[in-house]
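Line by line, the protein sequences are chains Y, P and A.
Number 90 in this note's numbering belongs to position 90 of the first sequence; there are no gaps in the numbering.
Number 117 in this note's numbering belongs to position 117 of the second sequence; there are no gaps in the numbering.
Number 85 in this note's numbering belongs to position 85 of the third sequence; there are no gaps in the numbering.
The set of hints was computed from the structure by calculation and includes no laboratory data.
Incorrect hints may have been included.
List of simulated lysine-lysine pairs, DSSO-like, C-alpha gap at most 27 Å [claimed, not checked]: (1) K69(A) - K56(Y); (2) K158(Y) - K115(A); (3) K118(A) - K158(Y); (4) K118(A) - K154(Y); (5) K56(Y) - K49(A); (6) K115(A) - K154(Y).
Facing chain P, from chain A, some residues (calculated, C-beta under 8 Å) [to be verified]: (7) Q21; (8) L22; (9) L34; (10) L50; (11) F57; (12) C72; (13) V80; (14) M135; (15) A141; (16) V150.
So, partial list: chain P residues that the calculated Cβ filter (under 8 Å) puts toward chain A [as the list claims (entries may be wrong)]: (17) A29; (18) E79; (19) A85; (20) L87; (21) A89; (22) S90.
Values in this document were obtained by computation on a predicted structure and should not be read as measured data.
Ideal Cβ placement from N, Cα and C applies to all residues, glycine included.
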Amino acid sequence: MADGLLVRARAGDAGAFAELVRAHQGSVFSIGYRMLNRRDAAEDLAQDVFLQLYRKLETIESAEHLGFWLRRVAANLAIDWLRRVPYAATLPLEDGAEVAAPQREDDLLLTRELDRLLGELSAPARAVMLLRYQEDLDVAEVGAALDMPVNTVKSHIKRSLTQLRSRMIGARLVDCEELP
Amino acid sequence: MSENFENELRRALRPLDAPAGFTERLMAALPEKREIAPVATPVPRPRRVAQRFGVPAAFAAALVVSMLLGQHVAEVHRERTEQQAGLAASRELMEALKVTSQKLDLAYQAAKAPPPPVEEENRT
Amino acid sequence: MKVHIALCAIALACGGPAFGQLKGQLDIPQFATLAKKASESVAVSLDSKLLGLGCSFLSTDDPEQADVKKLCTSLSGIYVRSYTFDQDFAYPQSDVEGIRRQLSAPGWSRIVEAKSNKEGTNVDVFVLLDDDKAMGLGIIASEPREFTIVNIVGNIDLEQLHSLEGKFGVPNLGIEVPKKAPPPAPPPKKSR
Numbered sequence: 001m002a003d004g005l006l007v008r009a010r011a012g013d014a015g016a017f018a019e020l021v022r023a024h025q026g027s028v029f030s031i032g033y034r035m036l037n038r039r040d041a042a043e044d045l046a047q048d049v050f051l052q053l054y055r056k057l058e059t060i061e062s063a064e065h066l067g068f069w070l071r072r073v074a075a076n077l078a079i080d081w082l083r084r085v086p087y088a089a090t091l092p093l094e095d096g097a098e099v100a101a102p103q104r105e106d107d108l109l110l111t112r113e114l115d116r117l118l119g120e121l122s123a124p125a126r127a128v129m130l131l132r133y134q135e136d137l138d139v140a141e142v143g144a145a146l147d148m149p150v151n152t153v154k155s156h157i158k159r160s161l162t163q164l165r166s167r168m169i170g171a172r173l174v175d176c177e178e179l180p
Numbered sequence: 001m002s003e004n005f006e007n008e009l010r011r012a013l014r015p016l017d018a019p020a021g022f023t024e025r026l027m028a029a030l031p032e033k034r035e036i037a038p039v040a041t042p043v044p045r046p047r048r049v050a051q052r053f054g055v056p057a058a059f060a061a062a063l064v065v066s067m068l069l070g071q072h073v074a075e076v077h078r079e080r081t082e083q084q085a086g087l088a089a090s091r092e093l094m095e096a097l098k099v100t101s102q103k104l105d106l107a108y109q110a111a112k113a114p115p116p117p118v119e120e121e122n123r124t
Numbered sequence: 001m002k003v004h005i006a007l008c009a010i011a012l013a014c015g016g017p018a019f020g021q022l023k024g025q026l027d028i029p030q031f032a033t034l035a036k037k038a039s040e041s042v043a044v045s046l047d048s049k050l051l052g053l054g055c056s057f058l059s060t061d062d063p064e065q066a067d068v069k070k071l072c073t074s075l076s077g078i079y080v081r082s083y084t085f086d087q088d089f090a091y092p093q094s095d096v097e098g099i100r101r102q103l104s105a106p107g108w109s110r111i112v113e114a115k116s117n118k119e120g121t122n123v124d125v126f127v128l129l130d131d132d133k134a135m136g137l138g139i140i141a142s143e144p145r146e147f148t149i150v151n152i153v154g155n156i157d158l159e160q161l162h163s164l165e166g167k168f169g170v171p172n173l174g175i176e177v178p179k180k181a182p183p184p185a186p187p188p189k190k191s192r
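All chains, full assembly: derive it from the sequences and hints.
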């Protein structure tokens, strides 16, 4: 069905394009929000991404390619923005975006703390972690999306997991386990 | 690194909802209707020409339109095929350069590492 | 681990390039057996026609693609074979040596030799020189679980290749094009 929407969107069907946007807006906005830590900047970024998509629909070959393309453009655009504008100070989650699925209280606490700790990673490392754990891309796909060698992706993941985990153990949000 | 932590990370990083009305605002910001290549529709032949050959005018016009449409569809198909081939080639090109850079990176890493310590000769 | 910058010039066993091959182009086998054993493989063969087509589809809006577009306009071919295995050294060394023999032909110079005994990796970078111009680039990377050959053919502007450094993760290797030694001066004429 998604391939059908793509064909119709290319042919100028605005409704089909809007459906494509709705299907992917959560992911694109989430990448923007977790990269930039600002709701308004994340919405601007997401809008930029979809405007680019609208201009380049002919280059999208399939529904699968579309998903990859959106994540690639969103992550790289966020990294570019962060080069120009420093990362915003952490905002309390109450002022931030709502998670799509209902959460338990302890999950909410974990999410807040993780959002804060993700902000301490470098922009490329943060992008790697989001594409890997939020978007569930494999290591090769993350490398392709960020034009990064696979070994570099793996290094970012390993160092970031170690950093996140040790900080969260410190905050007593995860069980203590032996660190590798 | 424990799989448990990675699963917790995945759970905590579930996608967020975009702000309410995002799609509507985006659609309002889109430029005007996307341009699509128009399909050429020929002027039908005059009735007397069709009648000379004993072919009803509507059939003759339909035949001409379908031939021209067929040509247009073939042209679009050819362009689409060429575009797909070009996109595939450009992806392969980027992939080839990525692999090239990874191996140059490997050489760089090897170059950066210090040489192994020289063992002292055992003098007796 | 050591790095040598060395110039090698060894006579070719056979004559010039095979029919249909351009100067600087290696004869890379299909490696069908390796491909079957590998858990992952990359095989790219872009001759000048496909390279031109691929280049034309790169976007000048994207700065990285724009740089690649500039680089590849002077190239005649890019060939990559890369195989990843589940076990150490699952590929025969004879496959590596076959390519090395070609890179020992006159004109090819090894400009980087990087070995890591600890990690078992060996990366050699070769350039084919023609009147101080680089007409071919060859890379052989032999790692415990990965074997890669890269061959780039054409008028390779190493400065432009340098400009890719920092993008795609290309590092600053400080590769310099080795200059040919000037021809020896003629002996002085003896006066009677």
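Now the hints, each set against the structure:
As the CA atoms of K69(A) and K56(Y) are separated by approximately 19 Å, the hinted pair is consistent with the 27 Å bound. Of the pairs offered as hints, the one joining K158(Y) and K115(A) holds, with about 25 Å between alpha carbons and a cut-off of 27 Å not exceeded. Of the pairs offered as hints, the one joining K118(A) and K158(Y) holds, with about 21 Å between alpha carbons and a cut-off of 27 Å not exceeded. Our distance criterion of 27 Å between C-alpha atoms is met by K118(A) and K154(Y), whose separation comes to about 20 Å.
For the hint pairing K56(Y) with K49(A), the CA-to-CA distance comes to about 25 Å; that is within 27 Å, so the pair holds. The straight-line distance between the Cα atoms of K115(A) and K154(Y) is roughly 22 Å, inside the 27 Å bound, and the hint therefore holds. The criterion of a C-beta within 8 Å of any C-beta in chain P is not met by Q21(A), whose closest approach is roughly 18 Å, and the hint is violated. The beta carbon of L22(A) comes no nearer than 16 Å to any beta carbon in chain P, farther than 8 Å, and the hint placing it at the interface is violated.
Taking 8 Å as the C-beta contact cut-off toward chain P, the hint placing L34(A) at the interface is violated, the least distance being around 15 Å. The restraint placing L50(A) at the interface with chain P holds, with a minimum CB-CB distance near 5 Å, inside the 8 Å limit. A cut of 8 Å between beta carbons decides the hint on F57(A): the least distance to chain P is about 4 Å, and the hint holds. Because the beta carbon of C72(A) sits about 7 Å from the nearest beta carbon in chain P, less than 8 Å, this interface hint is met.
At a threshold of 8 Å, the smallest CB-CB gap from V80(A) to chain P is about 4 Å, leaving the interface hint in force. With its C-beta approaching chain P no nearer than about 17 Å, M135(A) sits outside the 8 Å limit, and its interface hint is violated. Interface hint status for A141(A): upheld, as the beta-carbon distance to the closest one in chain P is roughly 4 Å, under 8 Å. A cut of 8 Å between beta carbons decides the hint on V150(A): the least distance to chain P is about 5 Å, and the hint holds.
For A29(P), the interface hint is violated, since its Cβ never comes within 8 Å of a Cβ in chain A; the closest pair sits about 19 Å apart. With a least beta-carbon distance of about 13 Å to chain A, the hint placing E79(P) at the interface is violated under the 8 Å criterion. The closest approach between the C-beta of A85(P) and any C-beta of chain A is roughly 6 Å, which is under the 8 Å cut-off, so the hint is satisfied. Contact between L87(P) and chain A, as hinted, is supported at the beta carbon level, the nearest pair being about 6 Å apart and thus within 8 Å.
Using the Cβ-Cβ criterion of 8 Å, the hint placing A89(P) at the interface with chain A is satisfied: the shortest such distance is roughly 3 Å. For S90(P), the interface hint holds, the least distance from its beta-carbon to any beta-carbon of chain A being 4 Å, beneath 8 Å.
Checked against the numbered hints above, the structure violates hints 7, 8, 9, 14, 17 and 18; every other hint is satisfied.
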